[in-house]
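J.: These are the residues of each chain, in order.
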Amino acid sequence: MYTNIISGAMKGMEAVLIQVEVDASFGLPVFDMVGNMSGEVKEARERIRIALKNIGMQIPNLRLTVNLSPARLRKEGTAFDLPIAIGVLVAAESISAVELDNVLLIGELGLNGEIKGVKGILPIVKHAKECGLKRVLVPRENVKEGAFIRGIEVYGVAHIQEVIDILTGKSSAQPYLLDVERVFAEFHSSQERDFKEIQGQYMAKRAAEIAAAGFHHLLLIGPPGAGKTMIARRIPGIMPPLSLEESMEISAVYSVAGKLDSMQSFITRRPFLYPHHTISESAMVGGGRVPRPGIISLAHRAVLFLDEFPEFQRNVIEVLRQPMEDKVVQIARSQAVYTYPADFMLVAASNPCPCGYFPDRNKCKCTEQDILKYLGKISGPILDRMDLCCEMRAINIEELQSESGEEDSESIRNRVLQAVEIQTKRFRGTGYRFNGDISPRDIKKYCRLEEGAETVLHKLYEKLKLSARSYHRLLKVSRTIADLEGCALISGKHIKEAACYRMTILEELEG
Amino acid sequence: MDRTELAAGAWFHKINSIGFRTMFQLMERFGSMQEAYEATEKALLEVLSGRQFSAVKAAKYAMHPKDYLEQVEEKGIRYICFYDDIYPEKLKNIPDPPFGVFVKGSLPRGEVPAVAMIGSRACSDYGRNVAEVFAGELAAKGVQIISGMARGIDSISQAACVKAGGQTYAVLGSGVDVCYPEELYRLYTDISKSGGIISSYAPGMEPLARNFPPRNRIISGLSDVVLVIESRKKSGTLITVDMALEQGKEVAVIPGRITDELSKGCHELIKQGATVISDVEQLLELLQDICKLQNFPMKSVQSENVHLENSQSENIQHGYKSESSGIHLNNREISPELKSILGVLDYEYAEAEKVYEKWLQQGNKGSFQELLTGLMDLELMDLCKSNKNRFSIR
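As given, the protein sequences belong to chains A and B, one line each in that order. If you count the first sequence from 1, position 33 lands on 1113 in my numbering, and the numbers rise without skipping. If you count the second sequence from 1, position 346 lands on 537 in my numbering, and the numbers rise without skipping.
Keep in mind that the hints were calculated from the coordinates and are not lab data. Glycine included, every Cβ here is placed at the ideal spot set by N, Cα and C. There are no misleading hints in this set.
The calculated label-pair distances, taken between Cβ atoms and stated as ranges, are:
1. 248/B <-> 1391/A: 48 to 56 Å
2. 549/B <-> 1402/A: 43 to 51 Å
3. 1491/A <-> 463/B: 57 to 65 Å
4. 1398/A <-> 283/B: 53 to 61 Å
5. 1402/A <-> 459/B: 55 to 63 Å
6. 1508/A <-> 526/B: 39 to 47 Å
7. 397/B <-> 1398/A: 29 to 37 Å
8. 549/B <-> 1274/A: 22 to 30 Å
With a cut-off of at most 30 Å between alpha-carbon atoms, the simulated DSSO-like pairs for lysine-lysine come out as follows:
9. 530/B <-> 576/B
10. 545/B <-> 1543/A
11. 1453/A <-> 354/B
Turn these sequences into a full structure, and let the hints steer you where they fit.
T.: Spelled out as structure tokens, the structure:
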């Protein structure tokens, strides 16, 4: 008998439905599997045989042929164990009266019949719903991830016997229901890191606010202990809360990367990624024979923090150029090109010199040459793509002990939200999302100046000897500052403030 | 001076194992370097050690003195021997003078006062400021500036001197055709055009660490006053000062704050009796005394540069005025807010945050953004200057 079961697989970020066809006919008792599979898919044969034996079901002495179609697509992973096992049972007529129309099965089998979690559940369930399927059976480990999608019945199963019971109608199991809003609300109310914990550092705080409001990339330069990491860590907290849509986008990446589990079944808060500077190129952008999403994709719509920026390997930093421009990363392999989203905010931190204490000449003995050489290790093209630069200073003990009331993250976030709202209105239908995205050719269009601001800009340009690129950066940042104040036109004071966050180290390296 | 004699001098000079003392001994024994070159093995061995003799033999085999001198001159380098008339008088009078020097460009003129400006390689903003102002003003007065073209104070002073159109001379620890530090190539070319590059090492010599203490001797030797701008407690600058004292030169010191590491060396010198310098005029007076000049020559340098320097000094004085007698800014009107910001700025760079805190402490009210905007306003009005996000009075 022939049977056909629907399962799913991931091709990069794209989910595809896979037809698991099983045929049982008379002949020599062999178990054949075809359909462009990798090694771990073929291993399913052994797992299925033993698992079925252990739940008291024998594979009958028939000639079994399994085909995974479309056959042109390379199949990877262990997610086909469950559909193949059920297919075998149905084809061999070991179970009957099963309801398989519009049902998707996915999961890995253990030798005792247990069902284990797999990657990519969220995007696969989403795709199944779009294809009009009614029901999905996923490993219990991944059920919350699947239940994130509404409008489709999602069952979490932990053992193959449960699957058989559900399919034959013997079980009274109900689809898993998840109150997404409630989970979101819970997470939002528990922001643990707040800007009010940082004393002083007005400049860096303000730079962080502007960066969060306009999604600008930010460079922090300062001596050890100035609080670069503290500032960076608090940036996700002042960005607008994740919308359901964004959460889905981010969760899909995490699902594909296998980073979701029963504890954290989808992403409710903007992630903060801080890889160590020894990170490799493939860990950064994604890699492997079948590429997995890299750190930059995990930082999609969130913050990628690179501490000790000059210490990163040059090539690891250079590969960020294309993703920063395109907001996606494409990884080509002989079989396919994989595209992962990578719309991240880069926050880089660096010491001002090799010893870290410049310009405090009582501690720093680095020569000008040492300093230029150290900062010169930072890639120029990457600096060019960063809009804001902030030099921080060491905090002294009085400031640490001072009890002065600092602004908390919430009030900063409210200003950011207002600025984001203005930007959303402005950029509706343009493909841009934030001021940080504006490309040079559109700067004139969006960064309108108030009367008189033109002269200020002109004077600043001459005085600070700006380059064309830093001129553009200056305008983009001024736009965000104006948005934070709710001004439609950029005025002179916005430009002047923006000039204080200009990329001085680029000027120094070029001059 | 006789060309064959000069060539023989340069030729002996090039041989590494033969030092200046040996060369003077050869001179004494044979009467001229040419004679020494032609001397017999037996005669030479009276002065030279076996190792030196074999080096001389090898050199004879490799190149003829005339060819060597031509080769050097082709690179635009002159060799000036101790017995030459143009050998600097000041250098003649120091203990252990070099037998000869290689020069690219010109030599400092003996009748014109010369100041050696030396200091730390890793200097502070303060040191940089002082070096620039002093070098600029001295150059405008026609004073020659001698230094070692090292990173930091040395090169800052020399660059400021070149900019002001003055004459500056760099004494290197390498051959005069080797630019070290490499990144100062532009300055190197400028100096060789307007002033001169001097070295007691033969062309092609690498900048070895052991070459530097002897070259410091020449820096102090060529100058009338040695001005120390910033120096740590243990520093190469202090070696130059020791040499200067040995040579009987006047040592002048720019003081700093007692807490600054970079001024500890200077304060040590002051304790030992060095002259404290607090403005350019004082240094000029000191020079006048030492050089026994009636009237400071003060030849006019290119008028444009003088003007530039004047306007700079005006600004400086102006700054002092603004602190003592309230704010009086070239009759320029500025708003009370800007005035209050200008009031908390200092001559030393301070981070915007520090400025903000000081500003708040003085009872002003406003957001940090307002302060930043104000600072930029002041910078646009040329009343303050910034370096990264640090600000100071111009």
